[in-house]
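Given chain A's structure and the hints, the job is docking chain B onto it.
2 protein chains.
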Amino acid sequence: MFRSILRDIVEQAGGAIGSALMGYDGIAIDQYEKPCEGIDLQLVAVEYANVLKEVRKTVEILETGEMEEVVIRTGRFTVLIRALNDDYFVTLTLKRDGNFGKARYLLARESARLREALA
Amino acid sequence: MFRSILRDIVEQAGGAIGSALMGYDGIAIDQYEKPCEGIDLQLVAVEYANVLKEVRKTVEILETGEMEEVVIRTGRFTVLIRALNDDYFVTLTLKRDGNFGKARYLLARESARLREALA
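As given, the protein sequences belong to chains A and B, one line each in that order.
If you count the first sequence from 1, you need to add 1266 to reach the working numbering.
If you count the second sequence from 1, you need to add 1266 to reach the working numbering.
The shape of chain A in the complex, shown without the other chains:
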């Protein structure tokens, strides 16, 4: 059930290569990937779990409301991350020329479905 949501996100967002439903412990519940050279999406997910833990800690210190979304853009990829609840988050990795706006919209929309599926 998780995978079909992740697949919808990847297939509908232009230029997406993978999406993962992850725990903050770095362990993926489920993921959907398209073949893509030069990136290990499993590794991406694990590493970004560490980043997200750091962001969450920072947001708590700053008291600026709950962490909702993190976007990291590098030379080759854009990674979008959305917090789902205290334990889980979802990532979406886009090629650099992917449709960022649409990806962001889809991830926000499907987060509600993922949250329901997790409950």
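Since the list can't tell identical chains apart, any single copy or any two copies may satisfy a pair.
Below, in silico cross-link-like pairs of lysine-lysine (DSS-like), each with a Cα-Cα straight-line distance of 30 Å or less:
#1 1323 - 1361
#2 1323 - 1300
#3 1300 - 1361
#4 1368 - 1319
#5 1361 - 1319
#6 1368 - 1323
No lab work stands behind these hints: they were computed from the structure.
None of the values given here were measured: they were computed from a predicted structure.
Frame of chain A; chain B shown alone:
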């Protein structure tokens, strides 16, 4: 000279409350702020320097190209961060209802000016 660029960014982006030119050591070179309740922009900058160091480390491990941009959206604010070079980055803090697209565009455009001014 830095401050006038930071002021341009804040005044032109709809809903921005502050911008800072920062070192990865958490020390600000310069900043421009509008009065805003409930947020300590100095503290935001220092804390996000730690986040950015973590992101940079992750991006190096993943070999997905240079880190360019990080966006963190919380319940009350959106913080945009752009890497300028190995030592410095610039942050822009927006109210939640601020114009994200315009802020992102301005920060990208003015990063070139900041990079020149730093050289």
